[in-house]
Amino acid sequence: MKPVIFIDGESGTTGLGIHSKLSVRDDIELIHLPESERKNTEARTAAMNACDIAILCLPDDAARQAVSFIENPAVRVLDASSAHRTTPGWIYGFPELASDQTEKIAAAKRVSNPGCYPTGAISLLRPLTDSKILPADYPVNIHAISGYSGSGRALIDIYENSNNPEHTDAPFRGYGLNLDHKHLPEMRMHGGLQFNPIFTPAYGNFRQGIVLYVPIHRRLLPSQVSAEAIHACLMAHYSNAFYVHVLPMDAARAVFYVEPEYLNDTNDIDLYVFSNEDTGQILLAAVYDNLGKGASGAALQNLTIMLQGA
2 MKPVIFIDGE
12 SGTTGLGIHS
22 KLSVRDDIEL
32 IHLPESERKN
42 TEARTAAMNA
52 CDIAILCLPD
62 DAARQAVSFI
72 ENPAVRVLDA
82 SSAHRTTPGW
92 IYGFPELASD
102 QTEKIAAAKR
112 VSNPGCYPTG
122 AISLLRPLTD
132 SKILPADYPV
142 NIHAISGYSG
152 SGRALIDIYE
162 NSNNPEHTDA
172 PFRGYGLNLD
182 HKHLPEMRMH
192 GGLQFNPIFT
202 PAYGNFRQGI
212 VLYVPIHRRL
222 LPSQVSAEAI
232 HACLMAHYSN
242 AFYVHVLPMD
252 AARAVFYVEP
262 EYLNDTNDID
272 LYVFSNEDTG
282 QILLAAVYDN
292 LGKGASGAAL
302 QNLTIMLQGA
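So the number in this note's numbering is just where the residue sits in the sequence shown, counting from 1, plus 1.
Don't take every hint at face value.
[As the list claims (entries may be wrong)] List time: in silico DMTMM-like cross-link candidates among lysine to aspartate or glutamate, alpha-carbon distance up to 25 Å: (1) K40 / E30; (2) K40 / D62; (3) K133 / D101; (4) K3 / E104; (5) K105 / D61; (6) K183 / D138; (7) K183 / D131; (8) K40 / E72; (9) K110 / E72; (10) K110 / D53; (11) K133 / E229; (12) K183 / D158; (13) K22 / D271; (14) K3 / E30; (15) K110 / D61; (16) K3 / D28; (17) K22 / D158; (18) K22 / E36; (19) K183 / D61; (20) K22 / E161; (21) K40 / D53; (22) K105 / E72; (23) K133 / E278; (24) K40 / D158; (25) K133 / D279; (26) K133 / D271; (27) K22 / E262; (28) K40 / D61.
[Said to hold, decoys possible] Simulated restraints on C-beta separations: (29) D61 / L284: 28 to 38 Å; (30) Q309 / R154: 25 to 35 Å; (31) K133 / V25: 42 to 52 Å.
No lab work stands behind these hints: they were computed from the structure. Note that this is a predicted model, so its numbers are computed, not measured. We put the beta carbon where it would ideally sit given N, CA and C, even for glycine.
Kindly generate the complete structure, drawing on both the sequences and the hints.
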C-alpha cells in the first residue's frame with residue numbers, strides 16, 4: 002500500500018510548496034480536505050488519524066493543538082512550524098546536523114522541520130562548536146536578509162498587492178529589534194551555543210532567498226584557528242552532504258558580492274568562508290531559498306527520509 006500523507010495547513014506558503022511537489026507523485030496517497038473543511042476540527046482530526054505521516058504547516062499554537070488530535074499511535078508527524086523545534090522527544094529535521102541525524106529522522110515518530118534563518122545559522126555554527134573550533138560561549142552575531150515571503154501571506158500581500166492599505170515597496174526592512182526573535186532558542190540549542198546569539202534579521206524587496214552572515218574575530222578563538230581551519234572543518238562535516246555545498250576558499254576570494262536569489266526553487270545551500278588576514282576577521286555566509294531548504298524543500302527532504310525508514 003502507498004503511504005498516506007495529510008498536510009494540515011496546505012493553503013499556506015509552506016503548505017502550498019509541499020503540496021505542489023507531492024501532488025504529482027504516484028508513490029504516495031494524499032488526503033485532501035475541501036476548502037470548506039480545512040478549519041473543521043472533526044474533519045482535520047479524522048484525516049490526522051487516518052494518515053501515515055501528518056505534515057503540519059500551521060501557526061505554532063495550531064500545530065500544538067493538531068498534535069493533541071492524534072490518537073492513532075501509528076501516525077508520525079513532520080511539523081513545519083516552530084512549535085516543537087526545541088521540544089524534548091522531537092527530532093530536529095536537519096539531516097546534515099550530525100553523522101547520525103538522518104538515521105534519527107528515519108526512525109522518528111515526531112520530526113520538527115528547521116526554521117528558515119536557523120537553517121543557515123546552524124549549518125555554519127554546529128560543525129564549529131562540535132569540533133571546539135568555536136567556543137560554545139562565543140558572542141555570536143547573526144545578520145540575515147530574507148525575501149518577504151518568509152513572513153507568510155500577509156507580508157506577501159503587502160508587497161505584491163498595490164490595493165493593500167499597507168502596501169510598500171520599501172527596499173529593506175530591519176526587524177526583531179527587541180532581540181527576542183522566536184528562532185533564538187532554536188539557534189542556541191542546535192547551533193551548540195551556550196548563550197543566545199544577537200540576531201538581526203531583515204526583509205528585502207524580493208520574494209524569496211536568503212543571505213545570512215556570521216562574523217567571527219580570530220582573537221576570540223583558540224590560537225591555532227584560522228579561516229582555513231574553519232573552512233576545512235566545514236568541508237569535512239559536509240563531505241557527504243548532497244544539498245550543502247562549501248565553496249572553495251579560492252572561489253570565495255573571487256567573490257565581491259553575494260545575491261540571495263540564485264538558489265531559489267532548490268533545496269541547496271551554499272556556504273562561504275571569507276577572511277581578512279590583516280585584521281584577523283572572518284565572515285561566514287550562507288545562501289539558500291527560504292522557501293526551499295528553509296521551508297518546503299527541507300520538509301520534502303525529511304519526508305523522503307521518514308518514508309525510507311517506515
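25 Å limit on alpha-carbon distance, applied to hinted pair K3 and E30 = 6 Å, holds
Is the Cα-Cα distance between K133 and D101 25 Å or less?
-> The hint holds at about 19 Å.
Within 25 Å, alpha carbon to alpha carbon, are K22 and D271?
-> Status holds; Cα separation ~23 Å.
Given the hint that K3 pairs with E104, does the C-alpha gap stay at or below 25 Å?
-> 22 Å, holds
Restraint status (C-alpha distance of K22 to E161 at most 25 Å) | 24 Å, holds
Between K183 and D131, is the straight-line Cα distance small enough, at 25 Å or below?
-> It holds: about 24 Å lies between the C-alpha atoms, which stays within 25 Å.
Are K110 and D61 close enough, with their CA atoms no more than 25 Å apart?
-> Holds, because 19 Å separates the two Cα atoms, which is no more than 25 Å.
Satisfaction of hint between D279 and K133, Cα-Cα up to 25 Å = At roughly 24 Å apart (the allowed maximum being 25 Å), D279 and K133 satisfy the hint.
Straight-line Cα separation of K110 and E72 no greater than 25 Å?
-> 13 Å, holds
Between K183 and D61, does the CA-CA distance stay at or below 25 Å?
-> 11 Å, holds
Given the hint that K110 pairs with D53, does the C-alpha gap stay at or below 25 Å?
-> 10 Å, holds
Cβ-Cβ distance between K133 and V25: within 42 to 52 Å?
-> Given range 42 to 52 Å: holds, Cβ gap about 45 Å.
In summary, this structure violates none of the numbered hints.
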